[in-house]
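*Asks:* Chain residues, written in single-letter form:
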Amino acid sequence: MIMPIFAEILTKGPLLKGAQMKSRNLFLKTLFFSLALAFSSASLWATDPVTSKEPSHEDSADHSVSTEEQISDYIAHHIKDAHDFHLFSYNDASGHRKHIGFPLPVIVYTSQGFRFFMSSEFHHDDSGHQVVERDGVSLVKYHEKIYELNAGEHALSFGDDGHHGVKHEVGLGEELSEIAESEEFDASHHPTNAHEVLDLSITKSVFGFLLVSLLMLIAFRSLANQYKKRAVPTGFGRVLEPLVLYVRDEIARPNIGEKHYKRFTGFLLTVFFFIWTSNLLGLTPLGFNITGQLAVTFSLALFTYLITQFSGNKEYWKHIFWMPGVPAPMKVILAPIELLGTLTKPFSLMIRLFANISAGHIVVMSLISIAIIMKSSMGAVGATALSFALSFFLTLIELLVAFLQAYIFTMLSALFIGMAVQEHDHH
Amino acid sequence: MTIPNLVGAGLIVIGAGIGLGQIGGRAMEGIARQPEATGKIQTAMIIIAALLEGLAFGALFLGK
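Quick mapping for you: the protein sequence lines, in order, are chains A and B.
The first sequence maps to residues 1191 to 1617 in my numbering.
The second sequence maps to residues 72 to 135 in my numbering.
Looking at chain B on its own, in the form it has when it is part of the complex:
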């Protein structure tokens, strides 16, 4: 693995980490505000997180 690849992988992971943090944090806020909507918020959160994860894995896979 060359150094540009490693730097790129690091950037991808940083970006994905920020994104996941945003998703998780906002979902927590939403649940705290409306505990009765927990199920719906969790489902939406998991879908968005999965899409983000797919993007990150795709980028890591293509940039290997």
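Only chain A is shown next, with the shape it has when bound in the complex:
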């Protein structure tokens, strides 16, 4: 949907005028710093309620949950995808836990067919105790996974020891967060009287994905439309035009080559702006972590992989299966290695983006938590000041990383595509 718009911008877009660059640089710098300041202070505010967070599993036998465990729990929950938006929580006058956020639609395919409802029906329960009844299907949510209870069951039960209390989740994302768990936990990790359903819900990340797509569609549609009226865009288009030209002239053209770059510029621009916008959205206190989901980076890398393979020319395949210029036995040895090489390239694209963004989010949240952890030793003001200073500078670095990762992904995609389409005329 967006790629044709880029094509339109590229065909009609004029070149950047150098005279405007100075004032623009100043403007961009001011914007950059004020955004960083706003983000870091806002994230500080948004995470503050951790201080008053009670043990979230009221049913859990162990009530002595330490602050550190709560914080790592909170970070693990942020890194994971979720079925609702959770902005913050507090205890009201009567001591009840209040959650502020908004629900998202749940779409599940159960044994009885599709079921639709809002995630607010789970009442912020993530321990599998709030049962949602929908036309003969009982659904529960446990660790952000939705399970369908077997007929006649009214609660989720786990293996023999029933161990499902607060866990120590550390590491990157859901996959890596299982590190800390031992094997016997894994044995009872899955509920025994329920099965997973096909979950097509609009989760937090899917919502963010759609939001980014919508933002990009609006921004680039308006930019493309402007070229029908005038040669130089006005307003926000002036920020976008140099970026579009940058991707075309600095990334696509030198890496893919004069002859073929036009075919792939649309894809590269879409990937670049999607990753960048998602990364920036992840720095807002809304709690998005779109590019920190393996599924998202996997599908982005999959597109690069498929485009590379399907646009590969004869030379490209010849270099994979029958490397020219080496002895015949070596050709046999090299073929599987080269074939594996085509897979490791998109694999490293996937892991790089996922790990960078997840690690960034974990570090920012850990630095924010300093305000809570150091409160007893430094006092509230000192701890908050330290936490603010550190998270402010890290947010600045994260703004750079947000751009850098989008750039790297696009650049390497262009490099891989360029390898597949280039013509070897040096023989």
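Hints listed in this document are in silico derivations from the structure and should not be mistaken for laboratory results.
Don't take each hint at face value.
Sample of chain B residues lacking proximity to chain A, with all beta carbon distances greater than 10 Å (derived) [claimed, not checked]: (1) V84; (2) L91; (3) I118; (4) L126.
Capping the alpha-carbon separation at 30 Å, the derived lysine-lysine pairs in DSS-like fashion look like this [to be verified]: (5) A/K1452 with A/K1508; (6) A/K1452 with A/K1418; (7) A/K1565 with A/K1288; (8) A/K1288 with A/K1270; (9) B/K111 with A/K1418; (10) B/K111 with A/K1452.
Derived DEER-like restraints, expressed as beta-carbon distance ranges [what the hints assert, rightly or not]: (11) A/K1452 with B/A115: 23 to 29 Å; (12) A/G1303 with B/Q113: 55 to 61 Å; (13) A/K1335 with B/V84: 37 to 43 Å; (14) B/G96 with A/Y1436: 26 to 32 Å; (15) A/R1453 with B/V84: 38 to 44 Å; (16) B/Q113 with A/T1257: 26 to 32 Å; (17) A/E1259 with B/E107: 31 to 37 Å; (18) A/H1319 with B/V84: 36 to 42 Å; (19) B/P75 with A/P1293: 40 to 46 Å; (20) B/I85 with A/L1390: 39 to 45 Å; (21) B/I119 with A/F1511: 55 to 61 Å; (22) A/A1518 with B/V84: 40 to 46 Å.
All C-beta atoms in this analysis are idealised placements derived from N, C-alpha and C, irrespective of residue type, glycine included.
Assemble the complex: chain A is given as a structure, and chain B must be docked to it using the hints.
*Replies:* What follows is chain B alone, placed relative to chain A:
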């Protein structure tokens, strides 16, 4: 996380650190020698650093 995993992660990070140091240091030398080529050197540096980073993250991910 078991102890061999932690040792392995440490080794990966040491290796990646040495590599990044080499890349950054040599890029600095190159820029000092030829300041007019700063842009090209930086681009190449970032690409190599990203490849190295991908390798390190991949190893950490697979060895978790």
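*Asks:* A separate judgement is required for each hint: does it hold in the structure or not?
*Replies:* Verification of the hints:
no.	hint	verdict
1	V84	12 Å, holds
2	L91	14 Å, holds
3	I118	6 Å, violated
4	L126	7 Å, violated
5	A/K1452 with A/K1508	24 Å, holds
6	A/K1452 with A/K1418	21 Å, holds
7	A/K1565 with A/K1288	24 Å, holds
8	A/K1288 with A/K1270	21 Å, holds
9	B/K111 with A/K1418	35 Å, violated
10	B/K111 with A/K1452	23 Å, holds
11	A/K1452 with B/A115: 23 to 29 Å	25 Å, holds
12	A/G1303 with B/Q113: 55 to 61 Å	56 Å, holds
13	A/K1335 with B/V84: 37 to 43 Å	32 Å, violated
14	B/G96 with A/Y1436: 26 to 32 Å	28 Å, holds
15	A/R1453 with B/V84: 38 to 44 Å	40 Å, holds
16	B/Q113 with A/T1257: 26 to 32 Å	43 Å, violated
17	A/E1259 with B/E107: 31 to 37 Å	55 Å, violated
18	A/H1319 with B/V84: 36 to 42 Å	41 Å, holds
19	B/P75 with A/P1293: 40 to 46 Å	44 Å, holds
20	B/I85 with A/L1390: 39 to 45 Å	44 Å, holds
21	B/I119 with A/F1511: 55 to 61 Å	28 Å, violated
22	A/A1518 with B/V84: 40 to 46 Å	41 Å, holds
Violation of the numbered hints given earlier is confined to hints 3, 4, 9, 13, 16, 17, 21; the remaining hints are satisfied by the structure.
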